[in-house]
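**Q** Chain by chain, the residues run as shown.
Protein chains: 8
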Amino acid sequence: MSDEIRLDFQRPERIGFDEAILCARKSDAQLAVIMERVLERDGRSLLTRLEPEVFARIAPNYLEKLDYDPVSRTAYLNWAPPLDTGSAQIAVVSAGSSDMPQAAEAIRTLAYLGAPAKQFIDIGVAGLWRLLERVEELNTFPVIIAVAGMDGALPSVLGGLVPGVIICLPTSTGYGVSNGGETALHAALASCAPGLAVVNIDNGYGAACAAFRALNMIRRARTARD
Amino acid sequence: MSDEIRLDFQRPERIGFDEAILCARKSDAQLAVIMERVLERDGRSLLTRLEPEVFARIAPNYLEKLDYDPVSRTAYLNWAPPLDTGSAQIAVVSAGSSDMPQAAEAIRTLAYLGAPAKQFIDIGVAGLWRLLERVEELNTFPVIIAVAGMDGALPSVLGGLVPGVIICLPTSTGYGVSNGGETALHAALASCAPGLAVVNIDNGYGAACAAFRALNMIRRARTARD
Amino acid sequence: MSDEIRLDFQRPERIGFDEAILCARKSDAQLAVIMERVLERDGRSLLTRLEPEVFARIAPNYLEKLDYDPVSRTAYLNWAPPLDTGSAQIAVVSAGSSDMPQAAEAIRTLAYLGAPAKQFIDIGVAGLWRLLERVEELNTFPVIIAVAGMDGALPSVLGGLVPGVIICLPTSTGYGVSNGGETALHAALASCAPGLAVVNIDNGYGAACAAFRALNMIRRARTARD
Amino acid sequence: MSDEIRLDFQRPERIGFDEAILCARKSDAQLAVIMERVLERDGRSLLTRLEPEVFARIAPNYLEKLDYDPVSRTAYLNWAPPLDTGSAQIAVVSAGSSDMPQAAEAIRTLAYLGAPAKQFIDIGVAGLWRLLERVEELNTFPVIIAVAGMDGALPSVLGGLVPGVIICLPTSTGYGVSNGGETALHAALASCAPGLAVVNIDNGYGAACAAFRALNMIRRARTARD
Amino acid sequence: MSDEIRLDFQRPERIGFDEAILCARKSDAQLAVIMERVLERDGRSLLTRLEPEVFARIAPNYLEKLDYDPVSRTAYLNWAPPLDTGSAQIAVVSAGSSDMPQAAEAIRTLAYLGAPAKQFIDIGVAGLWRLLERVEELNTFPVIIAVAGMDGALPSVLGGLVPGVIICLPTSTGYGVSNGGETALHAALASCAPGLAVVNIDNGYGAACAAFRALNMIRRARTARD
Amino acid sequence: MSDEIRLDFQRPERIGFDEAILCARKSDAQLAVIMERVLERDGRSLLTRLEPEVFARIAPNYLEKLDYDPVSRTAYLNWAPPLDTGSAQIAVVSAGSSDMPQAAEAIRTLAYLGAPAKQFIDIGVAGLWRLLERVEELNTFPVIIAVAGMDGALPSVLGGLVPGVIICLPTSTGYGVSNGGETALHAALASCAPGLAVVNIDNGYGAACAAFRALNMIRRARTARD
Amino acid sequence: MSDEIRLDFQRPERIGFDEAILCARKSDAQLAVIMERVLERDGRSLLTRLEPEVFARIAPNYLEKLDYDPVSRTAYLNWAPPLDTGSAQIAVVSAGSSDMPQAAEAIRTLAYLGAPAKQFIDIGVAGLWRLLERVEELNTFPVIIAVAGMDGALPSVLGGLVPGVIICLPTSTGYGVSNGGETALHAALASCAPGLAVVNIDNGYGAACAAFRALNMIRRARTARD
Amino acid sequence: MSDEIRLDFQRPERIGFDEAILCARKSDAQLAVIMERVLERDGRSLLTRLEPEVFARIAPNYLEKLDYDPVSRTAYLNWAPPLDTGSAQIAVVSAGSSDMPQAAEAIRTLAYLGAPAKQFIDIGVAGLWRLLERVEELNTFPVIIAVAGMDGALPSVLGGLVPGVIICLPTSTGYGVSNGGETALHAALASCAPGLAVVNIDNGYGAACAAFRALNMIRRARTARD
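Protein chains in written order, with UniProt numbering: chain X, 1 to 226; chain G, 1 to 226; chain A, 1 to 226; chain E, 1 to 226; chain Z, 1 to 226; chain S, 1 to 226; chain R, 1 to 226; chain C, 1 to 226.
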């Protein structure tokens, strides 16, 4: 089967970052082939949606090559992100500990891409003071990822308070009419606060990529000054 | 056809308020029969969803008997609510002028029932200061009707700030994924703020009745003190 | 991770009751941190959606501090509700034993909040006599929680018979077009009986909070008399 | 175009009643061809969903042949139902005047088929006494069509009270989560009362045909006794 | 808890058949209480949705009292249906072996109620000849239950061929746009064949009850002849 | 604005047929620019979804260039299909006159493409004999377009009877759970008859293109023989 | 139970290929009966949706008769497809390894039917060059099956590039708004590229049958030339 | 009523741009009050969803103050955007003339905000060459708004080709399963191309605001360099 896989190694040159490997629905054998392809070029890769039990099965063969985090279900293949040498440019804001996995997926992806993020949690609108006392600090971030499940009210409140790019990451937290994240998604899309941009439910990886696209353009503008 | 209609005149004795007449989908002839039934007993009634063009057709026959308001599309039949003699116990809070018809339906219904309400508008979460500077006053109301369309974030914010009964009235304002009010409805039901109670989309009449049930029980408690 | 959690301890002062801990989707480690935070202040808390298997794992460390009920999947942390010293002001009405968990969640929440409830079961509309013979008693309750799954017809019938506040708690009981509680939810929202207020599917905790908001306002009115 | 239409004239021999003509979405020219086909055989037919404005356009050519009723939007072509010579075997029960068009479509269809029906209106569950005082009479009908929109609670209550065949006819009456009749449809299908059978939303014609199938089998049983 | 259960023992007198026990979502303890209630009156009952593993747990205590069938997941409590002494009046028609459980639930329910049914399988429309060669026989049944999943085309074809009462039982067989039975349900409701009556998805019990209501009325007509 | 439009004139070389002009949602000015572009190259084009009132407005400027058909709402621009010189290879089968516009759109598109079709109407499954007596003839067509609304049972029956390519064209005919064609669409997709291929609701143009792709490959095979 | 099964052995004569056995939802006993029926005629059959654990249970009895493939979950009963003796006429194109099971089901079905297919993988539109460099080769196939999940953009791009019959096979790959394949299905149906034909989500078997119908007609045309 | 409106004049200081006026669902009187409020401060404003017929009614009173564009249905109140003095930083890419109104709303909003955009049309994926020949130019834009209806394949293709911020603007163009833009929305959210950010269906104003937030941060980075 190893003939079957043709990875898109030219992607970074085209769009600024490389293809991640979505592990969901791939067999162990398929994952092994893909990782071999990466390693034989001494490349690096980010694995997402890597369930702990799948990791446990494939890990023995890649012990020194995989840096796995069970909360975000991500792994770095043949890669150790550099220590954070500058200040974070991206904030990841969430309401509570239920949305931790999705927020962690975004943060781990950003670290992989070389864009360390600062996390703000317990910023739920039901206890508004926790958000208000952080507004000044949030104003300094050019890009914010707003993670929210259930009613998804956080992005709307945030959108009226800060000027930066806001990437909404709706989560499947909740039950009943939360509809697996649909209500949070729709609330972000239909927000009364202008200029919110939204990614798919539970798509922490995608939120990070969207934030990284913005950061890349900001960096390009900074670089262009010289 | 006049034999066909049997109104539920005993309802006030059972539940504390009388049957309203939902005019939508009723023919002019049907409306005439119903109004005649009320008038021949010298009763009173509230008509809801009475479109201006329908009112224009039936009004000539009931000029002195109907007090019509085109914004809320309601009419009082054979009834003039007493002038407000006490302070309002119910607040009706909304984000903007787009939700005016639904808020007005609730306010007109409450006036008909003898429960004058105070209206707060432009309390949208995208301009949070407009809500925050009113919180102290809102705390004094035992019952609040929160009107919100689009993302429906207002009830969630309000629910974390005030202790009274909160009746959420989602509206069909908006487009796209607002889905005719479904997103605002779901956001209120899935709210992270505890203890919100919700009525059907655009159901200003129902929100008023739910608020009135609460007010009735509060009044009963007050009366019982003597 | 213990830095990450900032609980909203000021909530009771704002809205009259404290934040509950929704255990669903939280890891054991997250739950432990939250409970420690509560205990180190000698606070109390209500845990909801605490599955028996999760309880079994965390219980050994909190044996004397947790009062767990498997039917409602709730636990009281560092709290024993006072024995019921007065008459119940809130009725919890349901059709049958299938809706027991949701009704129990509401009742346990109310007990935690200091508002003992009286339960009425087997009040299904398919055997209407069971409801009719209780109407007189139900009339004495200022607040009723109506629990219903499947077709959700109970709230509509009840709403035409009693004057109190009615909080509808739709449940996910049923199959096929019951759609996980959506039909019961929609039937309550679209009810022909006026003034019903509704909470999310299976949200026994939220129904209790909504009922408690109303009870609080009634109590405030009673207290104000002196 | 007249070649294009081949009517199913053998249907009565197969299933006991003839093909009706659903006028919705047919052009005037198509309707004319179909009616000509019927008349040239001196046949009869039932036209459904014939909007008043369409009737006004085609009526001049068929003045003596069409018996039109604007409430039900039905017409009898070349047919006058016999005067009711026996007692009605089918009851058509509905909650209020908003559901009149659908109830009327069922009643007119039954009259066309030779099965006169008795209509009961204002049997809404929000005023339960109106239903309860009719139960004894309803028990005598072998077949009942229960017409209900909005929350659709009527069939559930009825199903627990009477033994006959119950055909539920959900209607699109209502707004918001009524969803054009979907909630009433789902409530009837998910009913806690056993043995309800349901037809499509607003399908008064289909409800009548289902009732007529049952009546036909009952008549066959009666005839077989002799 | 035994106080909590009040069964509706008067139901047969009102509607002609007794309350079944839907076992889904009931705890073993709840089932035990209900069965005790039935047995202490020497009553009988039908249990539906009794999963094999639940049966295995409760069976030891009721070995001689329960007649269990794993295909239909039904059990007769304290009851053995009489041997079939007459000819079947109800046909149960289905397309294939995938719909067997639902068909079996209907057949077992009918047997319990004293109305033996005849089963026709492999009557799928993709092999039309299997249906056509049975039409003559099917014409002799006053009541037919048509079981169909996936596209649900069987009821439409049947409805154009036979005159009896047709109860459509849509099943959750299929995948993708079958949507857990929704497509079969909607196809039956929107059928071009007139007079089909429909029950909830997978509701074999309900289909049997609807068929039994019709049979009861036919029997009443037969009895009335003497 | 004329600069703005760049038509895809190379499409026939790539895929075998040219771009049609979907007139819905285009302004009169936009349509004029597009037509001019076609005419200045002396090209030809097919216009679809051209409403009669739009045609009436633009027709005066293109009287000799447009061949308009109001039933299918299509127009040929600068093109007259050749008279049918051979036998039709594609059959268009539909149940009744309600689906005529969609069937006509397919037939007109095929004529434009040079693939005359034969139409079969009144092939509804509720009168099965009308289909059965045509099966032998239908067997001779290599490609069949099956047009069906409401329950969409026709394709399933057809799929079990004939061997050719079957393109299902679901239509929005019907009401209630027909859901604007969704039920017919889903029934075709979930059909128990194997090998049906489906296009979007009311997409007569797309059905014709799909049929034409198949016909093109068949013709290529025929041509290749020499 | 063996009497119950009547297979449609005449299907190949009618439509060109035989009935497959959908194993999902069939009990082991039912599968055994069906296989016996096939074997006692020395027939052959294709089993689909045969889960590995079901295969493991039934395999011991049919070791030499079943050729099972776990990726596609298909088995050949009493049949070994001939070695591929000619060039493939059908291409199966997919974006990546996540859609492998559905692509494999199509390919195994085609092999069973005697129509070997060539597979193209990693043809995702996010790395467009992988598709573009294959276009010339894809142009030579008269029939293409386009497998796509998530956003389902592949068929639209392909449809503008190649002239052959395109059968779209949407898959349930993805999460959130992918909605179990619904988005890929709808994108294929609503495609801006004309003449795409679509089958049910994950229906690799159906896609193969639709492709085979087209191939059969092409072969018939080729044969007719001589 | 003029007391009722409190505009959020401080918004630009908080988030970088001012509140627009959504005219849909506002009465003429409400619009007049809002415009007066703006003018009495000599402010400026953007009006969106201003239908031509509403504009025609209110225009006479504000002839010199309103700059109206009927395609985008927007008006500038008391404002004339400066002539474009620099090169455009934002590209607006769309497939065809059907999406013109939404693209125009975005472009007009950007012009109002002082961020001129360059428009690329006819970039549909069904004629891929039109996109490919523009890729190099598109690479120079830091922000791209991708407008797409129907299957919404354009953003996925674009996302694999260019590195900038991509804001997807799904449109309600299309019919059938296009579902008023839902399919285009879902396709953008579920895209296989990473880092796409999405706004509500037809929300050209919101897409512009999201693009402007990114541009603002890029400008801030440029400014910071000096």
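Hints should not be assumed to be uniformly reliable.
The following label-pair restraints were derived from C-beta to C-beta distances [said to hold, decoys possible]:
id, chain 1, residue 1, chain 2, residue 2, range
1, E, Gly43, S, Gly86, 33 to 43 Å
2, S, Gly86, C, Glu133, 51 to 61 Å
3, Z, Asp28, A, Ala32, 38 to 48 Å
4, C, Ala224, X, Phe9, 47 to 57 Å
5, G, Glu136, A, Ala24, 51 to 61 Å
6, X, Pro70, C, Val135, 50 to 60 Å
7, A, Gly114, R, Ala29, 56 to 66 Å
8, C, Gly43, X, Ala80, 34 to 44 Å
9, S, Glu64, R, Arg219, 50 to 60 Å
10, C, Gly43, E, Ala29, 50 to 60 Å
11, S, Glu64, E, Ala29, 23 to 33 Å
12, C, Leu39, G, Glu133, 55 to 65 Å
13, X, Gln10, A, Ala24, 51 to 61 Å
From the derived model, a few chain E residues whose C-beta atoms are all more than 10 Å from chain Z [as the list claims (entries may be wrong)]:
id, residue
14, Phe9
15, Ile15
16, Leu66
17, Asp67
18, Ala111
19, Asp122
20, Gly160
21, Val199
22, Asn200
23, Asn203
24, Phe212
25, Arg222
Derived, one-sided and incomplete: chain A residues facing chain X with beta-carbon distance under 8 Å [said to hold, decoys possible]:
id, residue
26, Asp28
27, Asn78
28, Arg130
29, Gly181
30, Asn203
31, Arg219
32, Arg222
Please keep in mind that the hints were generated in silico from the structure rather than gathered at the bench.
Even for Gly, the Cβ is constructed at its ideal location relative to N, Cα and C.
**Q** Which hint numbers does the structure go against, in order from smallest to largest?
**A** 2, 3, 4, 5, 6, 8, 9, 12, 13, 15, 20, 21, 22, 23, 24, 25, 26, 27, 28, 31, 32
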